Amino acid sequence: MVKAYLALEDGTVVEGKAFGAEKDAEGELVFNTAMTGYVEALTDPSYKGQILMMTYPLIGNYGVCREDFESDGVKVEGFVVKELCRHPSNWRSEMSVDELLKEYGVPGIEGVDTRMLTKKTRIHGAMKAVIAVGDDIDREKLVERAKNQPSITELDLVDKVCVREPKRFEAEEQKFEVALIDHGIKNSIVRQLLLRGVSVTLFPYSYPAEKILEYDFDGIFISNGPGDPARISESVETIKKLAGKLPLAGICLGHQLIARAFKARTFKLKFGHHGANQPVKDFETGRVFISSQNHGFAVDEKTLPEGFEVTQINLNDMTVEGMRHKEIPLISVQYHPEAGPGPHDTYFFFDEFVKMLRSY
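Position one of the sequence shown corresponds to residue 1 (UniProt numbering), numbered consecutively onward.
It should be emphasised that the hints constitute simulated quantities derived from the structure, not laboratory data. Remember, it's a predicted structure, so these values are computed and weren't measured experimentally. Do not rely on the hints blindly, as some may be mistaken.
[Said to hold, decoys possible] Simulated pairs of lysine-lysine, DSS-like, Cα-Cα distance not exceeding 27 Å:
1. Lys175 x Lys355
2. Lys120 x Lys141
3. Lys245 x Lys326
4. Lys160 x Lys268
5. Lys355 x Lys241
6. Lys326 x Lys355
[Claimed, not checked] Ranges of calculated distance between the beta carbons of each label pair, as one might list FRET restraints:
7. Pro150 x Ile123: 18 to 28 Å
8. Arg168 x Lys240: 17 to 27 Å
9. Met116 x Leu315: 23 to 33 Å
10. Met116 x Phe267: 23 to 33 Å
11. Trp91 x Ser359: 42 to 52 Å
12. Thr303 x Lys241: 15 to 25 Å
Don't be surprised by glycine CBs; every beta carbon is placed ideally from N, CA and C.
Work out the full structure, taking the sequences as your base and the hints as a guide.
This is the structure:
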């Protein structure tokens with residue numbers, strides 16, 4: 001086994017065993033609390049720029065199935081696990097996690113104390129980190145590399161994961177046509193829209209609003225994606241021009257960008273929400289449901305302008321999970337209603353969007 005090291009900007013260095021690609025990686029270390037769904041997490045474009053660590057101790061036992069991909073490949077910068085299963089057992093499995101990471105050139109480290117690292121992250125916040133592979137590693141230099149790399153708030157990540165040209169997906173029983181502004185869309189979001197008769201055309205996040213309005217769309221959808229919403233001014237300007245013209249909905253980063261388009265502020269969470277067990281309360285029904293989430297930034301409720309109504313909150317830290325506009329057809333949520341992975345409690349968001357399309 002080849003040795004691997006994980007170094008954090010606070011000086012922490014842990015030694016483990018390498019798997020996946022034998023190369024170094026840099027990124028912000030974040031932890032995911034889901035017990036399953038590592039394939040979906042590894043291929044989620046919202047993790048671009050980050051090193052993903054799973055809190056569940058055994059990863060890889062059911063292998064990898066390409067049908068579970070949320071994009072065209074692995075998007076994380078690196079992968080950290082307590083124990084890696086190198087010989088999966090599942091009838092759907094096509095390869096191991098080790099083979100998957102090798103195919104996409106992503107390094108992993110196993111055999112480290114993920115519980116300690118998770119507790120450290122919860123106390124001190126998400127930190128810049130480096131994975132290095134090899135036997136002769138200078139630990140002090142590794143920590144310096146972690147410290148000196150750019151913060152995630154300084155990176156432009158969306159351009160690395162969005163489509164380059166418009167791309168259309170047609171529903172079998174088409175009822176509506178929707179433009180989807182892509183910042184790193186998950187396949188499950190497109191799938192949920194198609195299941196409801198909504199054909200989708202993906203547009204790059206920098207595509208001009210005027211050109212989108214030349215099409216005969218029934219609504220606009222703003223996707224999830226990686227990084228700091230404050231760096232994506234092109235989408236903010238596009239949303240400003242589209243809001244009120246057609247029904248509009250947003251998920252995760254899309255939710256944050258909608259808020260910024262209306263001059264609200266966003267802020268960086270201490271360690272983000274990454275997992276499939278985040279409790280969200282809906283004010284209209286009083287219901288509490290469990291949601292799947294993956295984001296490091298949130299909307300500052302105090303800065304939301306008049307006309308906006310907060311519809312849902314996170315019961316762990318009381319951050320905004322859902323909002324709508326009182327005068328124009330606009331709804332958004334911070335969590336991932338499509339799950340992938342996670343519980344299906346929040347599929348109803350897509351039904352709400354379709355209802356909005358139908359009544360406009």
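Status of each hint after checking the structure:
{"no.": "1", "hint": "Lys175 x Lys355", "in the structure": "12 Å, holds"}
{"no.": "2", "hint": "Lys120 x Lys141", "in the structure": "21 Å, holds"}
{"no.": "3", "hint": "Lys245 x Lys326", "in the structure": "15 Å, holds"}
{"no.": "4", "hint": "Lys160 x Lys268", "in the structure": "21 Å, holds"}
{"no.": "5", "hint": "Lys355 x Lys241", "in the structure": "23 Å, holds"}
{"no.": "6", "hint": "Lys326 x Lys355", "in the structure": "16 Å, holds"}
{"no.": "7", "hint": "Pro150 x Ile123: 18 to 28 Å", "in the structure": "23 Å, holds"}
{"no.": "8", "hint": "Arg168 x Lys240: 17 to 27 Å", "in the structure": "25 Å, holds"}
{"no.": "9", "hint": "Met116 x Leu315: 23 to 33 Å", "in the structure": "27 Å, holds"}
{"no.": "10", "hint": "Met116 x Phe267: 23 to 33 Å", "in the structure": "27 Å, holds"}
{"no.": "11", "hint": "Trp91 x Ser359: 42 to 52 Å", "in the structure": "44 Å, holds"}
{"no.": "12", "hint": "Thr303 x Lys241: 15 to 25 Å", "in the structure": "21 Å, holds"}
In this structure, every one of the numbered hints holds.
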